[in-house]
Amino acid sequence: MSSVLHRKTARTPSTGDGGGPVTGRSAPPDSVARRRARAGWLFASPALLVVAAVTVFPVLFSLVLSFSEVRLEYGGLRLGSPTLAHYEALLTHSEWYRALAFTLGFTVVSVFVELVLGTLVALVLERLGAARGWILALLLLPWALINVIAAQLWSYLFNGTYGAVGWLCEQVFGTRPDILGEPLPAMAAMVVVDVWKTTPFVAIVVLAGLMLIPGDVYEAAEIDGASAWTTFWKVTLPQLRPIIAIAVLFRILQAFGIFDLPFVLTQGGPGTATQSVAILGYRILFQNLDFGGGAAVAVTTAAIVLGCCLLFLRVFRAQADEGGRA
Amino acid sequence: MSLHRRALLTGALGAAAAGLLSGCGGKDLDDLLAQAATVPRKPARLTWWVSEIPSRRGAVVADLIIRAFERRHPRIRVSKINALSTSDGNRSAIATQLAGGSPQPDVYLGDTTWPAQFGHSALALPVEKLLPDGFWDSYPQALRSGSTYRGSVYAVPFFTDSTYLFYRKDLLAKHGLRVPRSWEELLHTSRTVQRAGDTEAGFLWQAAVTESLTANVTEFLADAGAAVLDERGGPALGGAEAERAFSLMAEFTSRGVTPRTVATYQESDSQDAFVNGRGLFLRNWSYAWVNASTPQVSRVAGKIGAVPRPGFEGTGRSGVSCAGGWSNFVNPSSQELGAAMEFARFCASGEVQRLLAREAGVVPAMTSVLDGPEARAAGDPTVLRAADLTLVSRPVQTPYYPQVSKALYTPANAVVRGSLSPADGVRAAREGLRTALEGKAL
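For the record, the sequence lines run as chains A and B.
The opening residue of the first sequence carries number 7 in my numbering; numbering runs sequentially from there.
The opening residue of the second sequence carries number 923 in my numbering; numbering runs sequentially from there.
Bound conformation, chain A alone:
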């Protein structure tokens, strides 16, 4: 081992004064750095292998499946020749566009509402004193609930026969709506549940951002005679931008993959009104047993989410730069 190291160091180009030969006794600093880095990789390799097994392999496998003819034979699945057929089938089918439109609409509406409500809640929480901890804990309850359980609870509330929401509507409006049985109410119900569940997350993230804003900027705004509204728009919000960007990114990633809410509440119905791309992918892969088609849905969804996030970051950065110049 030492001779190998010696040979390698001897070949290292000299950066010294005369370019004289480098001896093994006085190895240059970059060689030490290499050794350290090598040891680092060695120690990290078990963890990296686990990550590769649970993350890299499934992603690569999905990619390969989506571009291959997949045949199921005795003994397991067999990959045939490369093909674009899965993508062609997907991109020429109106159902995929409907699922995409629902998912995009759901993402935009729910993330926007959560952002507005979450910011409002955070502003209130920031001004609270001793009670903040308790209220924060209470607010976190929906966030802490497992998605499927939360969805099941709401399905009882929305149930058209004995649900509390229907009963309440009957008392107020004199008619019991079929919330999950009609397209628009079912979509709205899904947004309500998501907002109920996820607003606390946004609130906590924004609250963390609010706590980081130094008090002297508010003092300066007060001295300048800025109203509370102006202070919020000109001081608080610009300072919150980075943290809001993170919250929105997290929420887009999560909302775009919505599966459990429609799966429990509506099974994608009525008709296909609340069928998200994740539900469509599940049906293609696990019900139709079309492994290539299911993988194509997964890959296209990942590409679209990635594109949305990059676009959002670019717009956000451009706005931040403009703000900085101003």
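Hints are not guaranteed to be accurate.
Said to hold, decoys possible - Cross-link-like lysine to aspartate or glutamate pairs, in silico, DMTMM-like; alpha carbons within 25 Å at most: (1) B:Lys1362 - A:Glu225; (2) B:Lys1362 - B:Asp1152; (3) B:Lys1051 - B:Glu1273; (4) B:Lys1091 - B:Glu1273; (5) B:Lys1091 - B:Glu1107; (6) B:Lys1225 - B:Glu1107; (7) B:Lys1362 - A:Glu94; (8) B:Lys949 - A:Glu75; (9) B:Lys1225 - B:Asp1152; (10) A:Lys240 - A:Glu225; (11) B:Lys964 - B:Asp1010; (12) B:Lys1002 - B:Glu974; (13) B:Lys1091 - B:Glu992; (14) B:Lys1051 - A:Glu79; (15) B:Lys1362 - A:Glu75; (16) B:Lys949 - B:Glu1050; (17) B:Lys1091 - B:Glu1122; (18) B:Lys949 - A:Glu79; (19) B:Lys1096 - B:Asp1120; (20) B:Lys1362 - A:Glu101; (21) B:Lys1051 - B:Asp1120.
Hints in this document: simulated from the structure, not taken from any laboratory.
Starting from the known structure of chain A, arrange chain B on it as the hints suggest.
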């Protein structure tokens, strides 16, 4: 460091390739069948993928069957893998495992709608040649045809499920009404009892956008004399009979006999409403009898009856039921094919079928058991009247059954909600069927 990063990437790709290749091991079917034809004499271990079988007296039915098998075959040990009880959840879990070439489970309990899809996808062993001559004489013809795909049988009978009309005896007696013999009479009876304020809903059934609705649609079509597929497997839906069936589904909701929320109901939702006393009639699978008759979970225990479903007036057809239930499939990748096949045969044998009649809240698949002493002792009308039913098969003889099912339940759901006319619903379903059968539906 770039060298190392490259090496890592190469390693990951290598692992991915190895993983891909490990799942790819084509096997010769004749070899598999030869292995499955012989029961091993050496010790063997089997795994059985089985969801909970409803029990009449609290015993774990699967354990009773395993113990009985191990008594007969002391060298073969069987372990149970608890599976989900829903058909879709079960399929998702088992299909990916089998597609990866897993040798376990050796035998799995699957829905009677799976054989064509699983046979087509090589996830189940064709068992026809491994069953004794005259085997199918003891089981319903609909079960055999539903288990057959392109001339091969892929499932061994275990228990069946049939649908019945459950009704409130007490409410009918109070109003001096008889159990309806036709759908028209059921509509009238329901309205009478509803108007009197004795029940919220007249008729509860399942119209959510799931396979549950496909079973309902298939039955209503059969009631009216219409079919989903023709003998060659092409789309046959259409005509006045099909429209009559779709019109009835729309009429239930438009006349208020069925609550509009039925469009979100699966079996458990409609059963919950019925056992809580919210409905006069319920269409459900036979297992609902045990649940609705148990006082701990049912407010209507002791007040209910079950009869075969009615039909349309003037057709002379009634008592139609989808052939449902669960059968045993043999994993082609099993290392113990002979023992696995023997276990599947054992589950279909008279010994286990009588055990099911005695202990389980399901309908045994073997027809001779249905009027045997065990069934009579249980006194379950869904078992005792099973022989009176006209079983119809769902359009399951295609590997695209999930897509076919979706082509039926999506427009049917819209018809029930009133957003599509019955005629348009039939047209949309026929168009969807054509696309699905061509394998072009998502």
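A quick look at each hint next to the structure:
{"no.": "1", "hint": "B:Lys1362 - A:Glu225", "verdict": "violated, 66 Å"}
{"no.": "2", "hint": "B:Lys1362 - B:Asp1152", "verdict": "holds, 19 Å"}
{"no.": "3", "hint": "B:Lys1051 - B:Glu1273", "verdict": "holds, 22 Å"}
{"no.": "4", "hint": "B:Lys1091 - B:Glu1273", "verdict": "violated, 35 Å"}
{"no.": "5", "hint": "B:Lys1091 - B:Glu1107", "verdict": "holds, 16 Å"}
{"no.": "6", "hint": "B:Lys1225 - B:Glu1107", "verdict": "holds, 21 Å"}
{"no.": "7", "hint": "B:Lys1362 - A:Glu94", "verdict": "holds, 11 Å"}
{"no.": "8", "hint": "B:Lys949 - A:Glu75", "verdict": "holds, 19 Å"}
{"no.": "9", "hint": "B:Lys1225 - B:Asp1152", "verdict": "violated, 42 Å"}
{"no.": "10", "hint": "A:Lys240 - A:Glu225", "verdict": "holds, 13 Å"}
{"no.": "11", "hint": "B:Lys964 - B:Asp1010", "verdict": "violated, 36 Å"}
{"no.": "12", "hint": "B:Lys1002 - B:Glu974", "verdict": "holds, 11 Å"}
{"no.": "13", "hint": "B:Lys1091 - B:Glu992", "verdict": "violated, 44 Å"}
{"no.": "14", "hint": "B:Lys1051 - A:Glu79", "verdict": "holds, 20 Å"}
{"no.": "15", "hint": "B:Lys1362 - A:Glu75", "verdict": "holds, 15 Å"}
{"no.": "16", "hint": "B:Lys949 - B:Glu1050", "verdict": "holds, 19 Å"}
{"no.": "17", "hint": "B:Lys1091 - B:Glu1122", "verdict": "holds, 16 Å"}
{"no.": "18", "hint": "B:Lys949 - A:Glu79", "verdict": "holds, 8 Å"}
{"no.": "19", "hint": "B:Lys1096 - B:Asp1120", "verdict": "holds, 10 Å"}
{"no.": "20", "hint": "B:Lys1362 - A:Glu101", "verdict": "holds, 12 Å"}
{"no.": "21", "hint": "B:Lys1051 - B:Asp1120", "verdict": "violated, 56 Å"}
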